[in-house]
Each structure stands twice: as structure tokens, then as C-alpha cells.
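Enquirer: The listed protein sequences correspond, in order, to chains W and C.
Position 88 of the first sequence, counting from 1, maps to 88 under UniProt numbering, and the rest follow consecutively.
Position 124 of the second sequence, counting from 1, maps to 124 under UniProt numbering, and the rest follow consecutively.
Derived from the structure by calculation, the hints contain no laboratory data.
Don't take every hint at face value.
Which chain C residues face chain W? A few, computed with CB under 10 Å, are given here [to be verified]: (1) S84; (2) V146; (3) Y223; (4) W256; (5) L287; (6) E291.
Virtual Cβ for every residue (Gly too), placed ideally from N, Cα, C.
So the chains spell out like this:
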Amino acid sequence: MPSPFPPTSSHPGQGSIHLTLLPPSTPAFSTLTYTYPLKLLPSRPHRLPAPGPPRPPGPDASHSPASVPLLFLLTYGGGLVAGDRIDLSVRLDPGTRLTLTTQGSTKIFKPSTGPPPTTRQDLGVRVSSHAALWIAPDPVQPFAGSLYAQKQIFHVESGGSVGFVDWVNEGRKARGESWAFEGWRGRNEIWEIYGEGLQKKRMLVRDAVVLDGKGIQGRMDAMGVFGTVLLRGPLFRALADFFVEEFQALPRIGGRDWASTNDAVQELTAKEEWRKKRLLREKEDGVLWTACHVRGCTVVKFAAKEVEGAKQWLGSMLREEGSVGQEFGDGGLMFVR
Amino acid sequence: MSTPSYVSSMSSITDEKTVTEEIARLEIQLTAARAQLNHSPSSPPASDSHPAFPPNGLPSHALLLLSDSALPLGSFAFSNGLESYLAHHPFPANPKAASEAFPHFLTLALTTLATTTLPYLLAAHRSPKRLPELDATLDACTLCPVARRASVAQGKALLTLWERALRTGAGDSPAALALAQFSLEMRKTPLHCDNDDELSGHFAPIWAAVTCAMGITLHESTYTFLFNHAKAVVSAAVRASVMGPYAAQGVLASGWLRGQIEDLMAKNWDVGIDDAAQGVPMCDLWLGRHELLYSRIFNS
């Protein structure tokens, strides 16, 4: 859908990031602009080991940058008031890597009077070949009565990688809010750019959620947070496989757990030990999740009773598998700390 | 056409093969013309004035056919999330509480279908030639493998049914042509997965094209689609021992269900495919986790 606004650099909430690679392998922002209420704050980049013998399996080492910049997406006051619009475009040149994160949940306020105008966040991303983007924000927190829409469109060239977490919680639980907003709409699309001269594109996946109308709370089945992880490209392959393998290794629902009766003496590997603990935790926190490979991407959906439980689960998965920390640095895991 | 010229034109055709082709072509035209006559609203059946038939005509023959649960689409094999939902939420033993729990799930199942899929049905019925494009987009939007399997299985079954049984009586409408083209494309096994127009055969757009080709209006097509879905869920509920057969018919007959379907139709009537979205995110989880059930009697 074309933007209804003219493309002007002074439009409030607009931001632009263009990351390029200076020879031999130094990443540099050739563009980093933003306007109120959006703020982009660079933090300490993650140094990658120089291409040498002991490289973990991953993309061709010759394409690895020397470091991965970390950018915080901030909004003034930690949230967006009704009618705010954030419009961020990100462009990653070949061989670059970038981590985007936030410093806390993005609160969506409702206006003090009148019907709420929609608060919007749009993100347009172009990831070149051998470039990679990891977006790991805290959840969106829509307050009672707010109206919110977000759209994240990713164009990924063959060989490029993109991974992101997109989650929303029930609002201000402490004030008794539970899915009490007017409306929440989210759409994520991953497009593949391919062919000679990168002229062709096709939509690989579109993940869209709409929560509006009456009785949103009834549809959420007493969950306090719901989210999606979408992964595409070689740099996220290991993580994607890990999610799907762990999903397939989940205990069968309604099956009897024969192992627990007399196999206590059986020695567990470190991974089995971790899995056992994680499963107990999942049960405690009411975490439900699924993972599958679909159309060249990997989709993970999850929900939990509370944000803390979802954070625990997601953090445990990402840390155990390890590639996000390795390839993007600790900044990429701050959101689940 | 006068007899002499007919004879002379016949005699000019010497090749037997050409004659056979000509006969086949004329037969198709005849069937098409007959079908058109049958469908044309301006020419009601000859029996119009007979006292055996009410002034508004009998209910649509095609509609009765397509709303039959004996239609060989295999819909009975899918509980549309109910089985997994039950595994996550055992229904209360108290019959009164259980009788409230089922309508709640049915509402969720219908809402999911209406918000994710109905826009594709509406678009395909309004413009059948968009069938391949709608199928491809719907495939990109169907991220849950269990939902995809259910949709594709029923879509392909309906396409086969159309080809083998329904097509002959349906004429040459744009929808019928779109379906013919679509099934031709479907049969070409794709060699590369980077083909833009790789077709899957999802249920909703094919349903729309078939109903359109059979002269069923958009409103009837939409209502029947949702109602058939409700019937599948209710029938699954009976087989999963959630309710007895009389209670099940009670749900289907209720004004409550009718109201639900009408509400969903009204709410999604003008939603374009770009705005189709999952309205009950939890359904994706239940459906996706169907694969984790220890024992299963349904495919979804």
C-alpha cells in the first residue's frame, strides 16, 4: 500500500538507516537520520572474530563484517501517543549486519478525549545479499482504548538474512487492563528479491494479525502476551532448525510420560537436562508455542500467561542455541534479559 | 439453414477427423447454450406457471448440492482445531458448562475462517479470473502447516469434483473458464520452486469459483461456506463426544449460529485480501499444536 504522505524528510517520526561496508570490512552508517518522536541511538557494536580458521558454521566467512552495530529504537517518553506515526526505512548493503532493539516495551497511549486516531509504525527493510538484520524489540504494550497498526515489510535478496520478534501484550496488567484496546493490527511480510539484476520479487510469507471489535479478551484465552518470530536466510538457518527440532521434541499432549516413573537413574545429556528444565518452566508459565518451516522461512508463534514467562522461554531458546549471541552480540539478546 | 447448403458443406468436409472435432465442438456449444438457458434469470423454467412450483421458484439446485455434507471433499476428516482445543482445554464434566464451552470455540473457529479466508472467497467470486493470484497469495498467508493441509486437501478435492461431475452442467461462464485454466496449470508439476505462479489449490478461492460457475450468488456462496464450516466443526464435536446428535442439530438450527454467520459476513464483506488477517491468534497455536497430540482422530 503506498504511503498516503508525501516523501519528505521532515515528516515527524521518520527515520532512515543505511548501513554500508567500507573496505576491507568496516561497517559505517552512510545514512542515520530520524525526526521526533523517533530516536535512533547507536550503542557499542559487537566485534566479530576476524575471518580465520575456527569459524562457526555459517555464511561464507569472507562476507563477515568486522563488527555488528547495535541501534536502539527509542521514542520520547517510551511510547507513542494517539496519532503518532513512525516510519522507518532500513537498508543493509552487501556483507553488513545490524541489530535493532528497544529499551523497554513500546507503550501505545490513548487520547484523553475523543475517538482514538490510529497510531502507526511502519518499517520498510531492504537486506542485500550476505547482509543480515536481527530485530529484537520489547513487546508493544497497547493501553486500554488505544488504536494501533503496524506494518513491517522485508525485501530480502537471495543470500540475505532477516530475523525478528514481533510481540504484543495485554496492556497495563497492574491496572487491570487485559486486551482492552480498541484495535491492534499487525502485518509482517517477507519478500524474496531474485533473478537477474534482482528485478523479480515474490512474497514468501505474510503474517497478519487483527484484534478488534468486541470481546478481544475472550479470544485470547487468558494469555497475557502473544508473539511471532520470523526467520529467513542462511544466518538464521541454525536457529530456525533448532526451533523446529525442539517443537518436534515437545512431549505429546495426552500421552503418558513413561520416562518419569522409573527412568530417574538414566543419565541425561546437557541438552536433555536443559530441555527438561525448560519444559517444566513452560508448563509453569503457561507457554504455548509452535514452529515450522514454511515457504523458505521459519515461523514461530508463541503465547504465555505473562510477558515474563514469554521472555524466559524465548531467552532460554535463543541462549541455548547460541547463534544470535555469536553473530549479533549480546545486544541482540538484551530484550529477553 | 436450408438443407441444400448444409448438405453441400457436409460434402466439402472429407476428413473424418475434422468431422469428429466439429461434432465435439458443437456438442460443447450446445451444452453451454443449454446451461445458459437454465441459468438465465430472465427465462425461468417452463414449469413456472405450474401450481406445483411456488412463485419464487424452488431453492437453488446447485446450492442444495454443495451444502450437502456427503459432498466428497473429505471435510469430515478435519475438526478445524477442535480436537487440539479439547486437548488444551478439557471440557467441563458439568453438561451445562460444557454446553457453553462449545459455542465459544465455534465462534472462534468461524471468526478465524472469516478474518483469514473470507476476503479470498469474496475476491474470487467477484473476479474468478484472479483465481491463480488469489491462490498464491493465500498460500503465502497460510503459515500453519495443519491449516494449509486442510485447505489444500479440500480445495483439490473440490477441483476434482468440479472436473469430474459438476462441470458438464455448468456452461462456459468466466468462472468455469478460470477453473479449467487453473486445473490445467495445477497439473503441470512445477520444476522450480521459484516459480511465481506455483499453485496450491486452496479451498476458499476454488469454492468461490465453483459456486460462481454454478450460478450461486456471492451471498449464498459466502453463507454456505461459513455454514459448512460450522457443520464440519459440529460434526467433529459429535464424533469427539462433546455433544450428542440432537444437541448438535440444535446448534446448527439455532438463530444464534445464524446471527454469528451473518455478523461475520457483514464485518468482513468489504475487507480486501491485503487486510485479511488472523483474528484469533490462539487458533494458530491450537491448530499448529495438533501435530503434538498423542492420539488423533482428525487431520486438523
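Enquirer: Give me the numbers of the hints this structure contradicts, sorted from smallest to largest.
Expert: 3 and 4
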